[in-house]
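Whole structure, please, built from the sequences with the hints as guidance.
Sequence order for the protein chains is A and B. Residues in the first sequence are numbered from 1 upward in steps of one, following the working numbering. Residues in the second sequence are numbered from 1001 upward in steps of one, following the working numbering.
Do not rely on the hints blindly, as some may be mistaken.
[What the hints assert, rightly or not] With a Cα cut of at most 20 Å, we get these calculated SDA-like pairs of lysine to any residue:
hint	chain 1	residue 1	chain 2	residue 2
1	A	Lys4	B	Glu1076
2	B	Lys1015	A	Ser346
3	B	Lys1129	A	Ser23
4	B	Lys1028	B	Gly1067
5	B	Lys1101	B	Thr1073
6	A	Lys191	B	Gln1147
7	A	Lys126	A	Lys191
8	B	Lys1101	A	Phe3
9	A	Lys191	B	Lys1129
10	A	Lys21	B	Asp1128
Worth flagging that the hints you see were computed from the coordinates, not collected in a lab.
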Amino acid sequence: MNFKRMRAMFFARNREFFRDKASFGWNFLFPFLLIAGFSVLFGGDVRKELKIGIFPCNAHQQSAMRQCAPESLNHLEYVEFVEFTDFEQGLDKLRHHKIDLFLDFASQPFRYWVSDTSPKGYMAEKIITAELMPDSKALMARQQIEDEKEIRYLDWLFPGILAMNMMFSALFGLGFIVVRYRMNGVLKRLKATPLSAFEYLSAQMLSRLFVLMFSLIILWVGCGLIFDISVEGSYLDLLLIFLVGSLSLISLGLVVASRGTSEEFTGGLLNFITWPMMFLSEVWFSIEGAPGWVKGIANLLPLTHLLRGVRRIMNDGAGLADISFELMVLSFMTVIFLTIGAKLFSWSR
Amino acid sequence: MNTAPIIETQNITKKYGTITAVKELNLKIPQGVCFGLLGPNGAGKTTLIEMIEGIISPTAGNVLYFGKSRKGTFREQIGIMFQQTSLLNYMTVRETLETFKSLYHKSLPIESLMQLCHLNEIRDQYNDKISGGQRQRLLLALALVNQPKLIFLDEPSTGLDPQARRNLWEIITKIKKQGKTIILTTHYMEEAQELCDQIAIMEQGQIIAKGTPDDLIVNYTKGVMLNLPKKCLPSDFYNSDFYNNNKEKVSIVNGRAVFQAPDLNYTISNLISSGADLSQLNIHTPNLETVFLNLTGRRLRD
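See below:
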């Protein structure tokens, strides 16, 4: 192994990343926009789950719209009211699932419509009827969870988006580039030098690890300046789990990079890996309650363990000992992926 | 000094499925020569040269370097200019050279290399923003960065304009003068004649002739070459006795009929009596192209 050769390849790849203005900007802009977008859509940390159309109402502010509703309903939480001055238009929106329930206060008693096929419509109906039932509070008493700090949606989503960005960057940044270099003969040219496959691949991995950590820190600081992000555990532990998780994702990228000879095929393969990973690893939503086999697949994905570890540190204040299982699984996956990648690697087409 | 040939191949064969690209080929290349591998497209030149370089491994046979099998240090001592290579993205010419320089133990100073290959003017340009000729000079410089003993040039001037080609030849001539061994593939006969001391002509994975350019011309040409546009031949020419008796001396290249004429008077008088229009006749003294066409002409005519 020769460090001079590795260093030359490491710096060459870093230069490429920092000089490719378009993709460099995109790497930072994309996750930032996602987080910003969600915070606007969901009002920072509260998601409005249901949309209820009200008629007649001519207000434009959410607070004013609430005044159109009867007193018994205008304090409902997680509900977004949508005003209608045209009755038919309201019914049409309901038909197209743009709203979950449609209320008409013009008649006495007031009337409502709901779609029979919409689960959200069903929920909206139940909420309204429960709200109007005077004795519901007498039938059951609400209790408060004690000693637990509430986890805001933003604090749950933020690490998900960072980790997702990491996954895309690791897999595409390594898989795609190496395959392109194999196709256009750059790898063949490098093979003609004393550079070994181990040196080349290590340099690619280290460069990508550097890029991932660099992006992570920039994004974290950038988002931290704008949003209020709370971390219960230690930042050092967070860095460690991100580091170990990145390595496993990069190694997976290496497996993709090891053989491909067509950018189209590799692009498809990368999408085939990244999309299910994005949905099953709970980046956006929890898969609690999904069938056992879905959870089984999720457990085979490195992103699942990375995110689980990160969220436990950030949201629950877990220490390294608490996430030792995740760390072990990620390290184990790294070793497996690296072995496969190294065995399969080919310089030429 | 080691007097063994710098490269020797022993019964080297490469098969791709049922296709044999190179067939039991034996070749010795002495030190310090510029060795040209000529042949039509698909003759197996690149396959052979890449087996010698160690980029692809032969199906059978051996490659010896100074009489011994190639070791790990072989890569330190050779320089390669491939037919088609892209370079690392977002790097300037100077950075590209420096990166490659770091891959070797021994190397030339970048400045003198840039001077030799006329790269000074474009030193700070990105390597994907340079012209075809500049690119070939950069690839040549990369092949020289480690002060190699043996340099492989695979069709170095393909796609270049005549001026850029001359420019590249000048640099290669300078390298030759330093006593380096060069193995060059080309299908430009002019390039081979200009640069090569020894030549081997390949067809269908085998060497069908070899020697110095002069030897080849003496051995594989008979007399001068005449050529004239095909349309100047009478329509029944292919039924004439003259054609049928001299089939092997006639070939069609790029719409022109080419005649080998060991006896110029005989050929011309027969052409006239067959009714051919000689107003656009060209006469060439034999050169490497004649050799090449004689040896591989049938295939080209197909």
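Legend entry - Numbers of the earlier hints that this structure fails to satisfy, in rising order: 7 and 9
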